[in-house]
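*Asks:* Based on the hints, put chains B, C, D and E with the ligands in the right spot on chain A.
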Amino acid sequence: MMRGKGYFFKWYVALFFVFLYAPAILLPVFAFNDSSIVSFPLKGFTTKWFEVLQSTEALHVAVRNSLMIAVTTAIFSTLFGVLAARASTRFAFPARRSIMGFIMLPMVLPEIIIGVSLLVVIIQLGFELSLFTIILGHILICTPFCIAILSSAFMNLDRSLEEASIDLGQTRWNTFWMVIFPLVMPGIVASLLIAFTISLDEFIIAFFLAGTEPTLPVYIWGQLRFPQKLPSLMALGTLLLVLSISLLLLADYFRRRGLKKTGIENSGGFL
Amino acid sequence: MTQPIIQLSGVDKLYGDFQALSQIDLDIRTGEFFSLLGPSGCGKTTLLRSIAGFETPSAGSLHIDGKSMDGVPANKRPTNMVFQSYAIFPHMSVAENVAYGLKARRLPKAEIQERVSEAISMVGLQGFDSRASHALSGGQRQRVALARALVLKPRVLLLDEPLSALDKKMREQMQSELRRLQRAVGITFVLVTHDQEEALTMSDRIAVMFDGKIAQVATPQMLYGKPSSRRVGNFIGMMNFLEAEVRATSGETVEVDVQSLGRLTLPLSQAPAGVDGCQSVGIRPEMLTILAEGQTAEREIEAVVSEVFYYGDMTFYDVTLPQKDAPVTVTMRNTAGRKVLAAGDTARVGWSPVSLLLLR
Amino acid sequence: MTQPIIQLSGVDKLYGDFQALSQIDLDIRTGEFFSLLGPSGCGKTTLLRSIAGFETPSAGSLHIDGKSMDGVPANKRPTNMVFQSYAIFPHMSVAENVAYGLKARRLPKAEIQERVSEAISMVGLQGFDSRASHALSGGQRQRVALARALVLKPRVLLLDEPLSALDKKMREQMQSELRRLQRAVGITFVLVTHDQEEALTMSDRIAVMFDGKIAQVATPQMLYGKPSSRRVGNFIGMMNFLEAEVRATSGETVEVDVQSLGRLTLPLSQAPAGVDGCQSVGIRPEMLTILAEGQTAEREIEAVVSEVFYYGDMTFYDVTLPQKDAPVTVTMRNTAGRKVLAAGDTARVGWSPVSLLLLR
Amino acid sequence: MVLISPTLVFTLLMLAVPLIMVLALSFWTQSYLTLDRSFSLENYKAAWTEPMYQYLMARSLRISIFVTALTVLLAYPVAYFISFHVTPKRKAMWIFLITIPFWTSYLMRIFLWKVILGYNGVVNGSLMGLGLIEQPLSFILYNQNAVVLTLAHSWVPFAILPIFVALERVDRSLIEAAEDLGDNRLRRFLRVTLPLSMPGVIAATIIVFIPTIGDYVTPRLVGGPNGLMISNMIELQFKKANNAPLGAALAISAMAIVTCVTLVFVWMNRKFMRGPK
Amino acid sequence: ADDGLVVLDWSGYEDEGFFQKYIAQHGDAPTYSFFGEEEEAFQKLRAGFRADVSHPCSQSVSKWLEAGLLEPLDTSRIDLWDDVNAEMKEAFKFDGAYYLLPMDWGTTALTYRTDMVDMAKMDSLAVFLDPAYAGRIALPDNVDDIYALGYLANGVTDWTKATDADFEAASTWLRQAHQNVRAYWADGAELAQLMGSGEVVVSWAWSETPATMAGEGLPVEANRSTKEGSSSWFCGYVNLANGPNPEDKMYDFFNAWMDPGSAEYIVSEWGYGHGNQTAMAAIGPEGLAEAGLGPVEVPVLAQVPMNQALREKMIAEFEKIKAGF
Ligand SMILES: Nc1ncnc2c1ncn2[C@@H]1O[C@H](COP(=O)(O)OP(=O)(O)OP(=O)(O)O)[C@@H](O)[C@H]1O
Ligand SMILES: Nc1ncnc2c1ncn2[C@@H]1O[C@H](COP(=O)(O)OP(=O)(O)OP(=O)(O)O)[C@@H](O)[C@H]1O
Ligand SMILES: NCCCCN
Ligand SMILES: [Mg+2]
Ligand SMILES: [Mg+2]
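Chains as they are written, first to last, in my numbering: chain A, 414 to 684; chain B, -8 to 351; chain C, -8 to 351; chain D, 6 to 282; chain E, 258 to 582.
If you're looking for bench data, these hints aren't it; they were derived computationally from the structure. Incorrect hints may appear among the rest.
Ranges between beta-carbon positions, derived for each pair [to be verified]:
id : chain 1 : residue 1 : chain 2 : residue 2 : range
1  : C       : A123      : B       : V295      : 53 to 61 Å
2  : C       : Q10       : A       : V442      : 47 to 55 Å
3  : B       : D3        : C       : E105      : 54 to 62 Å
4  : C       : G1        : B       : D316      : 47 to 55 Å
In this text, a Cβ means the ideal position worked out from N, Cα and C, and glycines have one as well.
Next up, chain A with everything else stripped away, as it sits in the complex (with noise of 0.2 Å):
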């Protein structure tokens, strides 16, 4: 019966890791296919559909697109986080928890209503769908998560830290400066990332929204209709796959650096 222990749970987590990682592994599997049909039997190897990626246009465009989008979110939501999170775990403030409550909200609101109640105001409006309006949706969505991102960041701050600066005889801006931002530089660097990556891949508000011009998503969206792009597509979900996972591991490097520059006991790991 001792051996019963756990048996269970290997079998479980073993078979729920096929059916985690069903999708991801045919990515690089029908990236590499020799083969414009994407099914099995596998052809052979190619590298070729990388070479469409690099010669289609359209693609680099809506790459494009996407990039300026992500890091404008990245950086504005960043920026509101900052302010909010610092707002609300320094400071008292009437109505604070309504206030915050309500910044908070378009994270359990449905997308689709985000993006409805945008392309209303703008149709209403009379502007003109543009990546603009995608940047203020993906904003909208985005700064709550880097709110709960910085406000955990902000909330170990021990807040005597500051007072010490002050009692030093800092000034509150240097203080700012030469304290509290190099203490919750992990968190804005977690926020920046966070956001950059829910706006790279956000599809429902920018399809919503899209204008004239296509983001990746509206993009990957567009050409999941013909089946003579799909292994190309696969070859760019895999750069993609390839690349975020790159990405992370640098941030959860950059995260344990700052970590172990201030000592605390790293535990979490991502999120």
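*Replies:* Below, chains B, C, D and E with the ligands without anything else, positioned relative to chain A:
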């Protein structure tokens, strides 16, 4: 006496409706080791932070070194603080931490370096200069916090429970070190603590606080020997209380009927000014003695031992006196050859009227 | 003597390479209040958890009530545990917590109810039955944990530092309550603590542990009065050590040259069995006296006061003896009229050879 | 107050104002190409009485609840395994392993399920290769099963995380106490571990439930003709059907229903949270 | 891509074979944005999407015009304007201005995998209701084609004369067919995938499907001569109001499309007809027959402009049908 370095008068602090400090009048003398002692929540930290400039009193005035501190922000006051959590900047080395305040003053590099290494050796951390501050033990962090504050040569060093995060051994060691350091630098120390032993062993003078008010300010000996109230007496060490009724006052003495002990005449020096309202006498457990066979005392009373607590060096006896329900505690030193009694034994308890205090 | 309720012999516990317990031989008697005392990390918790069944010893045997506990899981052992954190189920009320173990045994509802309310009143929590467990103070949680374990009428109650989370006042109160409870229910208590005062005041017998080994098992008086080694002596209370050299043993006595004190003859009862290897004598600070003017003692020695620690009821003096660098501590009770000395004063220190212990 | 204001103003402008406009729009009516701005409850009447909308709403709720339940059930043992059977040093790595497949395009992942479940997809291919079936199975794609499966896959890591965190927070000595008091493995799971991890379960429930009801991509890609959900209908009204007011009314109604369901979960959470803390 | 011209088109129409001349002239294809169905395009434009050119079919033009999306064509800038099918271009003359450059036309017909169906049943639209094909049929996600099917199945061959009862009957028939539908396809590529894998064996499809799939060697054929008949449609390019660019390139694009080479290409590769009547005549009846565009004996429902109110009803009803109601 020289001018007090810190003068508070009529200081109030309100948090909303809650009065955290009320009518604080206090003078702290230049160069003394002063402690604020009181139970949790009595307002010690609030008072200390008001002096440092992190809280603004709701009323009253605060002068440091003769200058009003109205509107003077924390970073402009001649005080420095050692925080309970030490607040060591985790992203800086020991030396960077210590240099922090000097850099804020934009002193020349060479001078900063010199003063930093001086301060570091003052607290015994030579060779730790470039150690990352998270790789320090509790006691070492404590020292960094001290060095970081002292390097600025403040007029007053404020310490908020600086030892409470340390374990017992380390705490005792740091207590004598702190005391020694204070004597060496001659700076006025204001220490917040809720540990009466800490306050008694370290301070020149102590202010005992309850509920936002100062109950008594005195030297350790005075505080222990002549607490101004039952509450202070009980907070500073153990004290037995017996009901008492004042019968008459005449010149230098007062007549009292004391539960179990009968009618006594006490010198007025053993009573608070104006004896009205006094309803009990207090006696410290070590002022009572369980008399060994053949031993005598000024006064004696028969008692029954109800509980025995053996502490190795001491034994605490709870004894029941005639006409008193709650037992009285007697502490005895376990000297060689003295027999430890057991619960249920009868004992003669020796006492002396000079060790009784009439209390409100 | 009746059969021991718990018998350990040759118990080892390894965590990887690290030997947390080594060669533990221990008998715990039925009905006694037994304590495991030792510094942090010495293996107390590991030992207690091995008894409870949460750790499996790497070697050796464990019998409870005469039965081998090999392969018996924790939920089948006749022991119950009070956890350091109390481990009160936060999603259950007081009564549900107490009823937990009874429900696990599938007792009838009525019986459960009866025994629960009995246990709750035993620990003085009448009326708290339906209180949510997070709305309890530390002391109250402690009581719930006790009631929850005691209601199952275990043969042995295991307590892992049950008082360390309480503040000082509450801790002292719970100490006497625990002791009283143990006497009332007659169950064997095994208490883990690193607080020597706690062990001394509460236990019938104490096992002192260092580094995974048992150093001494004895009653509190024996432990304090006759520690088996310098390390035990220093761990249980304060002890002054003076260098010593054994000159000769003859019949019932031993001749020793002691630093500062000179040649002495001590009875063999004041030395460990076989005096070889003894290199110091120990004396408790309370066995030394600062003699008042006119007071005498069996032996006397001149000393200089180097530090004074005033504790109210006591004063601790660090005094320097001739021919000794490290100061010796003398504790004095502050009785009425006794003058407190200051650092730098000279003093006559009284002592007696019977209070010296020859130690390894 | 000054600090928070930029964020607040942005959210007010980008969320509150738009939501109010959606609300206003939902009371107007659209006929062919013209928008009638007089107040009317027509859209709500349609949204709440027309069988199609009722049915779609019910179907969406059903699918979302089903997905939520399936996701949480799938996630719990995994979270439990990581929390209780993995050495502490490895836990972060395991959590990372769980998130890896999600760092590629969301659309692509859904699409790959089409490849897996498709007529000549991986599943059918393997089953036929093994000789288990003769004809490709067609009930695994283009229906509600496929929607449920795909959504569950998309959201399962987001369910594992809160449950894992809740399990990590369960004081291990509580479980030992339960053992000490006589409970066996199963009973101490049911009486202690599970109730104490409920806040995580409920958080997971909310985290999965809300976005699944707002998703119109998954139903579109793998749902087939009978797998469409209310979000597809909202999108349709705003786009093809050219009836934004009705779309707005549907969106507001859906939001109201989601809010109600979520409040029930939050309330349950409160009930459980009252315990610890 | 050339961002001097933005084309909002059906997906698939970015095929460079259609506008070789434009590429030769400008070195690059115009920027494309795609729609799957006209209502989607209409909404996208109404929502503010800015393109220079788009590609509606005959029934939508007046709706687009009413919505203010269109600008008249400057026919003087279309070199081969005189070669344009006269009947088609005159149908879109409003207030003296032309709004549509008719460009492509084709048929929608019963299309099937010859290797996987019972050929005997392929002579009637009733196969769509046949339980034997449950889960194996695909219908277009396109309101005009779908109602063309519905009306034909009920014997209505001219939808401009359809009554409410006809509309109800068509809807009922489509509801029944819905039970058998595996997928509603939005464009040829999607249908090609469905039929190529054998997942779908019968479809109501544009003539491009048999043309392109046969090209890939897949046994797909269409039968335009089913008992109930088949449908035909024509579409063309419009000049969008509010286009982001000057119109020069737009007319270059139109002229490239009007090139006889494009006509040949669309007929041979796509199985569609072309709006350049002269070029079509040059291909000849045999060529057309070979491409599957020859005349048929059975009724043909032409997807010509119709009553907009009825069409709105169709749009709404079709959505219900697709949702299962
Ligand atoms: N910012 C605040 N807002 C409201 N009440 C406060 C605030 N700061 C302190 N208090 C209250 O004022 C009282 C005094 O607090 P203070 O921190 O000075 O106590 P303390 O004596 O230092 O106690 P401790 O020994 O626990 O640190 C407490 O009751 C506390 O709850
Ligand atoms: N699971 C484990 N793995 C490895 N080492 C352990 C484990 N549990 C305990 N130890 C080590 O065994 C030694 C004894 O631990 P134990 O908890 O018994 O000490 P303790 O005497 O109870 O100390 P404390 O008073 O601090 O609770 C310690 O050094 C500890 O680090
Ligand atoms: N290629 C587009 C055909 C549209 C038919 N209605
Ligand atoms: Mg405080
Ligand atoms: Mg322990």
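*Asks:* Against this structure, judge whether each hint is valid.
*Replies:* For each hint, the structure was consulted:
no. : hint                          : verdict
1   : C/A123 <-> B/V295: 53 to 61 Å : violated, 42 Å
2   : C/Q10 <-> A/V442: 47 to 55 Å  : holds, 51 Å
3   : B/D3 <-> C/E105: 54 to 62 Å   : holds, 56 Å
4   : C/G1 <-> B/D316: 47 to 55 Å   : holds, 53 Å
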